[in-house]
Each structure stands twice: as structure tokens, then as C-alpha cells.
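Colleague: Chains as they are written, first to last, in numbering that gives the first Met the number 0: chain C, 0 to 83; chain U, 0 to 83; chain X, 0 to 224; chain H, 0 to 664.
Don't take every hint at face value.
Pairs of lysine-lysine, PhoX-like flavour, derived with a Cα cap of 20 Å [stated by the list, open to error]:
no.	chain 1	residue 1	chain 2	residue 2
1	C	Lys18	U	Lys39
2	C	Lys39	U	Lys39
3	X	Lys135	H	Lys657
4	U	Lys9	C	Lys5
Computed footprint of chain X on chain U, listed as stretches where at least three residues anywhere in the stretch have a Cβ under 8 Å from a Cβ of chain X [to be verified]:
no.	region
5	2-15
6	42-56
Keep in mind that the hints were calculated from the coordinates and are not lab data.
Since we're looking at a predicted model, the values are computed, not measured.
In this text, a Cβ means the ideal position worked out from N, Cα and C, and glycines have one as well.
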Amino acid sequence: MRVAVKVRLKRSILDPQGKTVQQALQHLGFEQIREVRIGKLIELEIEEGQNRAETLRMIEEASRKLLSNPVMEDFEIEYPGETP
Amino acid sequence: MRVAVKVRLKRSILDPQGKTVQQALQHLGFEQIREVRIGKLIELEIEEGQNRAETLRMIEEASRKLLSNPVMEDFEIEYPGETP
Amino acid sequence: MKSAVIVFPGSNCDHDMLRALTLMGHRAEFVWHKTGNLSGYDLAALPGGFSYGDYLRAGAIARFSAIMKAVADFAAKGKPVLGVCNGFQVLTEAGLLPGALLRNQNLRFICRPVYLRAENLRTRFTQAIPPGTALKIPIAHGEGRFHIDPQGLKQLQDREQIVFRYANARGETDPGANPNGSLDHIAGIINREGNVLGMMPHPERAMEAILGSEDGRRIFESLVA
Amino acid sequence: MHQPPVTLTLALQHGLSEEEFERIQKILGRTPNFTELGIFSVMWSEHCSYKNSIAELKKLPRSGGRLLVSAGEENAGLVDIGGGLAVCFKIESHNHPSAVEPYQGAATGVGGIMRDIFTMGARPIAALNSLRFGRLENARNRYLFDGVVRGIADYGNCLGVPTVAGEVYFEDCYDGNPLVNAMTVGIVAQRQTASAIAKGDGNPVFIIGSRTGRDGIHGATFASEELSEDSEAKRPNVQVGDPFAEKLLLEATLEMIQAGILVGIQDMGAAGITCSTTEMSAKGGSGMIIDLDKVPVREEGMSAYEIMLSESQERMLAVVKKGCEAEARAICDKWDLLCAEIGRVIAEPLLKVFYRGEQVAEIPPHECVLGGGAPVYHREYRKPAYIDEAQRFDFSTLPAVENLQTAFLKVFSSPNVVSKHWVYEQYDTQVQANTTLLPGGDAAVVRILTPDGKDTNKAIAAKTDCNGRYVYLNPRRGAQIAVVESARNVVATGAQPLAVTNCLNFGNPYKPEMFYLFREAVAGMGEACRALETPVTGGNVSFYNESPENAVYPTPTIGMVGLVEDLAHLTPAYFRQEGDLIYLVGETKAEIGGSEFLKEYYGLVTGDIPSLDLELEKKTQQALLAAIRRGWIRSAHDVSDGGLAAALAECCIINREKPSGATVK
């Protein structure tokens, strides 16, 4: 089973990479794209077997502990089959 | 309106970062996590106004031209309100 | 002074740190990250490098090494801990220092000498620095943009925890002298207790005139004084 | 395990000629099976066999002087620098992969050359590169340039080896065919070197490092074909570099070598397991039994063919002394490295490969390798017409220069001449805290410490050099100038030139006019190396640097290494003290053929290139070195692209913190 963890830079923090990509897009004629933010898409292949709640709890712990840094990042877990 | 573009390394391509993070997770006791692949989550803030098809076509072009490297990456567009 | 230079897989400034400490009269030894103790040492140094390849985030994985528990206890006992570049990143990830180091604003790795202004000369890491001088010390990093939330910044300022700021050759801070966009030009900070220093510039690369500067010695001299 | 039937057409598709296919059948006494065909095709590719170049390379001075091993004997050159130490260095190209994916192409190029050095037991102390792109007005070239520089920076910086010198050229001929040459210099105690040899019946064979995947299969043959539109589609697989795994591999390899538990070790570059097993066995006159089931793989269902030819990065093949297996595993465990015993050495000179209970290959290693059974060809050559035409160019037809100032600024702002600070600021130039002369001047200089950290008061100077335009206009003298100029750069820092490595970037050898350029360039290189007593320690040949539109300038990149006998001799390139006198050493003649000035001001690449008297050049260099050693010289800089004007201007501004001026009569 594959579960995705989206790790985003906190809104308050400047994202120079997003800004640079946005300028490049403008340059290529994509004016409608107002802003770009670039985060990480961490996809985990998880052994079946646990129920949904337990799996979510485990991924949440992994996200808090390692996959994201609370000082600068937020994370969101995307369970298969659910609208983000 | 916010649209997300998920950019992933193609399956066959080695992901050293994902491999190292997976080993670290194992070390921390998260044995159920078999594999980790790390890609980019590119979130675009788009001016309203166009219909869905036109917006999708525009984002697809931006993704092919700039947001992803076709030699080694695939991309997937996540339109708001739709299950990935 | 007996100093431990902690070696993570991927630390590549470990030999440089060992040589700098030895040059200043320390008895310095490598301590492998898998061992769990720092007993018998007077200083713990976390050197620069790319621990675990800086994968995911610089220092994100190294902070879970066995040695980091010992580093936390060592710091809690008030013993001096020096984190340089990757070492500073590991200390913030481990919560031993506040804030975080983000990607450089120009999105590129930067390697060049910079000038530092010593903001607090009353710490055990800066007491040998003559006042009003700018230290010429090289930087070499891709993620050196210091960040902290507004309250955190206020605390750092109020408690004089900001130890080094990027400056020009005359020791004045100005935007042109800030290489990576660091908040408030911060290049190095200490914890509240004043025994843990994290700095992005590499003092161990500024120990000999033949390498371009000897200003790095001031920090090691302060430790011994 | 279904394997396709082997026919002549399949052999031709593998890049083998009909004669080569027949030769394989004669060697084996039967038709090779699919895996064996793959092995021969990659071992007899241009990249591994040097079949179209070795006949010319043999004419180079490849031994003597301070060389501890003659060229081709080992993975890299080994030169005695006294005090029981040796300097180990080599340059290699990764042009084709960088044209497809610049970041990973350049990164894996650095990874590959680093392994060639530490596989010999040497710790890398400096990395250099030589890069060539089409002009930056073209967006694709900007993309390639940015990606290559980032790839080199990220890999070298993560590995902890300072990237201290290099060169970057922008010429139309490199459109679509960028050249990415990477060089590494290492230091080793002479009694702690390792050799790429497999001998001793029963000694276990280990594969160490990353898992094996389907990366870059046909990477070796890939480099031997011209880039064409469909070649991009044929190569979905891009090799990805893992500098972190390489750092673990570096430390574990040095630890195993110094522990004395290895018979031999070789890195896995092009052609992966195939190349390392055959070359090590051939060198030891022995054989191997290899069981591919034991190879740690990254993907399921890989065939024997794929495992044998895979070019996954960051892997080594080590022959461990019988009885030391546990110690080898312990060192690998310490560094969290995979370490699998995949076979053993046998006395019978045969490589026997088994997979899933079947024997999938049995080949005499000697027959596969360069210097053994690999074919050697003598290609046809014919002088291209443009050379004589260019040399008949009448310079008097050129309009006079009205304003020298604007002419100077035009040349001095040419991308080939301007400061490359934007490039090398992205490299960690000071890790290991031994870099005593930073990039920006002539050669970079790195202080030498003994393996246990003691200062030897000596330093290594190193530089990469080649003016492709000169070699295009006059291949023989152009190559001489490449050698002489790299030596000048080294001497200008106070070092005695010792030896050379080379990376020969040329077009398609089957075109007689292309081969003429290659043959003349190699001859010129040999003459200059003999005159300067800097033998060739080895290097790399990269042919087929052509695309449908154009072929690159013939570019024999030279990597020169020199020794600073005493740190007091260190000589920077920038002016240092007001009132110092400026001397021009050597005679200035009215020679602007092939110059940057002729190209930038008149838009011409023509004429004959500057004359060169090798004996006078040697005397000039030795005289400058003698003056430096007597303490008379405060700074020295060689006059090259942009001529005297550019050289003087550079001396004023190289030291960015203390720029100066100069008045010249």
C-alpha cells in the first residue's frame, strides 16, 4: 500500500525556489500562474496488515520525527482513496 | 485556485535519497515502511477564469516544459476536489 | 583540554577539525557516531560535511545517531559543544539549538571567505576575540540561511544568543555582506546556557596564514582561556 | 531463462563488426550465447578496448621519470614525490551522458574518476575539470552548463574533495556535444598502494557498495556511438550518482587496503561487473567463478546479461585474501555498506559465470581485454582541406584596429576569458583545509600531508588545459601547446611539472579526416611530453563527439601535475605589492592565428597558430622556476587566451579583495 506525505515549507517562510520557478514560468508565457511553492512528496510503500488508524498513527509519528522539521515545515498525510 | 503537480523519478531510476531515508526509518523502528521515494510537490496558485480543460492543458505544458525533466521524471496533475 | 570530534558517515571536515584543535594544544580524538558515550572529554565538536549525504534535510538523519543522546547529556551538564556548518544543522535538528538552516537564497552552494562580527564577546567561545574586529572566515554551504520565528528571534536578541553576524571587512552588517539571506544576518548562535555554539562559517579552515586567514584561532583560543 | 539466439545481425546491433563476431567464435570455438555476446560487445567497445586509438597511444612516452607504474598498467598514474609518498591522478570524460542529463551525467563522471583513484589506495585531495559548451546565447547550452556545474559541485562537495581548478570554453562546435572531463588527484604511501589484480586460487571475490540495477546498460557502448535524435529515446535509463554511498565506499576501501586484507580491488566503471572481473583476472593470469545469484540487485527479474553489463554506480570488486572475509565484512558493516561474496578466484584462466543454477558464460578473460585479445585497428587518415586553407590566410586583408581599448574590452569580456568565479564559487574549494592557492589564477595548489596528518612542507600543483581552436587549426602544434601551457600554469605557481594525464575528445575515428586530427594531436602531445620530461601516466579516449550538425574541435585535454618542493616557493598569479617590477619572459611575435582576439574582434577562426620552440619553452620554464626558488619572484602568470593584455588585467584583479593596477611601457 502506498501512502504519500506532503511536506511543505511554512507559509511564512520565503521559498526562493518557488519564486525562481514562478519567474521562469512567466518568462515562458504562463502568466496565469501567480505563485509557485515547492515542497516534498514523500511516498511510502507500507506493508499491509495494520488497520487504517494504526497505519496513520505510525506515519504521523514518522512524519513528526524525521520526515518534516516542525520549525520550518508542515506535513499532510494523503491516504489512498481519499481526497487531499 | 490551487493545483498541485506531483513530479516523481521514473520507477527504474535509482533514488539514493529515498533509499537513505528508508534505512533511517528502519533504524528508528518503522519496519513496516518497505520503500521510500522522494519527489517534488509543486503547488501552483492560478488565476481563476479559464475552464477546467484549458487550465489542465496549460499546466500540462508547463509541467512538460519546465516543472519536470522528461529524461528521468514523470508528472501527475492533481486538480482540486479530485481523488489522486 | 581533551576534545571529541564526532564523526558521522558523511562528515568530511572531521580531519580538518581534529587538526585545528590539535594545533591549539587540545588532545583531540575522533568519536564514531555509533558509540554512545563522551565520558572523559572536555569539549564535543560536531564538524562540517554532508552527514548522510544531507539527504532529506541537512542533519535530519544524523541527529538520530546513538552519539546524539550522549551529546545532549554532555550539553545538559554545561560542557561546551561546538557545531560547525553541518554540525550546526545537526544541533538545530536535534533541538539543542533553536531555529533551522534553510536553502541559500540564491539556490546555489557558496564557498568564499566572509567577514564575521562578534556580537557577544562574553561567551566561552568568543572571549579571546579583540573587540571591534571583523573575523575573516570561509563559508562553504548550500543550506545556511538561518530562520526562526519572530518570538524566537526576539529571545535570541534579548538574551544575546546571537554570537556572529555576517559583516563587511569593516565589521559592519550590510545586506551585501549577507551571503545566503540569513535572518538578521545571523551566522552563529549559542543556547541560553551559553555552552552550545552553532556557526555556519568554518573556523577550522582559518587557522593558518597559508590558508588565507588565522582568525579561526580566536574561537579555539577562547575555549582554552 | 530465455536468451535470444545469437546471430550476426544481433552482433552487429551490439556494435560488433562481422570480423569481430567471427573472431569471438574462433576464441570460444563456438557461437557465443547472448550473455557472452554482451560481454564481448562491451569489452570490445571503443570505450573499454581503445581499439582505434591504442596503436597511436603506444607512441607516447608512457614510462620513465618518476613513474612508479607505466601507463595502462593500473587504473591511474602513480608518480613518486619523495618521502615515501606518491601522487595518483587521472582524467576521464563523461561527455555523452552529460549531453542527455547534465546534472547526473557530470555527477557520475566525478564519481567514476574518484573511484579510479581510491581503488589504488590513494585518498583524493583535489578534483579538477575541463568543460566545453556551445555558446550561452542558446538556452539548451545554458541548461547544460548550469546542470553540469551543479552536478560536479554537489558530488564533489558531498564527497569532501575540494574542486580546485578547471577551465570552461564556449564554442559553436560544442553545440549538442558538450565535453565534460573530470580529473582527480590523490596521495598514497608508496607501500600502501593497491592493484587491480585477481590471483591466488580460492581467494574470495566480493562486490561492495550499491545494489545492481538496470542502469546504463550499454553505457560503455553508448559512449561509442554518435549522438542522434533517437539515442535519447534509446537511453531511458539515466545513471544516478549517490555521493553519500561513494563517501562510505571511499572510507571502507582505504580502510580495507590499509588493513592489508585485499589481494586486489578495482572500481566498477563502464561495463560494471564484466569489465572488473575480466580485467582483474587477465592482469593476474587467473580466472574466476562468479555466481550472479549472490549479487545484491535492486530490481527483480534481472537477466544474467543485465547484471553483467549493468553500470550501477558506487560499486567495487574486491579480491579478499582467504581467511580475511570476516574482517572485510566488519569494515563494510562499520560503514553501512553492502558486501557480498559472489565467487572466487581460480587458477584456470577462465571466467565462469553462473546464474539460477546454470552456467551462463565461460570466457578467457585475456581475450577480452585491452592488451590481450581485444582488436587493435590502424585507421585510415587524410589531412582535412581547411587546415592548409587556414594557413594561407592573409592577415594583411584585415582592417586595422581603430580603438585598441574597445578591442581589448571585447576580448576581455569574451566568455572564454572572463573570470569563472560564478562557476568555482559553487565548488567547495577548501575542504580538507589544504588548499594554498585558490582557483582564479594559474594552477591550483594543495598542501600535502602524510596519511597520518603530518605536514611535508610540499604541495601538489595541478591544472587542466587545452585550446581546442589551436588543435583544430594545427593538430600537432596545437597539442604541443596544450601540454606546454598546462606545464606553464604549474611552473607559474612554483612547481616542477612531473607528469601528465590526458582526455582525448575527438570525432568519429572511422572518418579519415577526423583520424588525421587524432593522430597528429597524439604525435604532438608525445613530442611535447618528451621535451618537458613529463611522461603520460594514462587517461581516456572519447571518440564520436559529433552530432548530425557538427563535430567538436579536436580537444586533447591535458591534466598536468607538478610538485612544489618547498611551501616557500608558492607563487600566486596576482600582483601583490606596489612598486614591484613587471617582466615579460619570452619573445612576442606577430601571431594572432586562432587567437581569441581574431575570433572576438574579427569573427574569424583561421590562420596558423603561434609557433613553438619546445627546447626554448623548456629553458624558459626552468629559468622561471629557478628564479622562483631563489625568492626573486613575487607573482607569475602565464600569457594565454586574450594575450598579454588579458594576462596583465588578470594579474590586477584575480585577488578580489585587493585589486591593483599596473603601468606598462
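Colleague: Next, verify each hint and record whether it holds.
Modeller: To see whether the hints hold, each was checked on the structure:
1. C:Lys18 - U:Lys39: OK: Lys18 (chain C) and Lys39 (chain U) at ~15 Å, within 20 Å.
2. C:Lys39 - U:Lys39: Distance of about 5 Å is within 20 Å: holds.
3. X:Lys135 - H:Lys657: 14 Å, holds
4. U:Lys9 - C:Lys5: Cα-Cα ~19 Å, so holds.
5. 2-15: Result for this restraint: violated, n = 1.
6. 42-56: violated (count 0)
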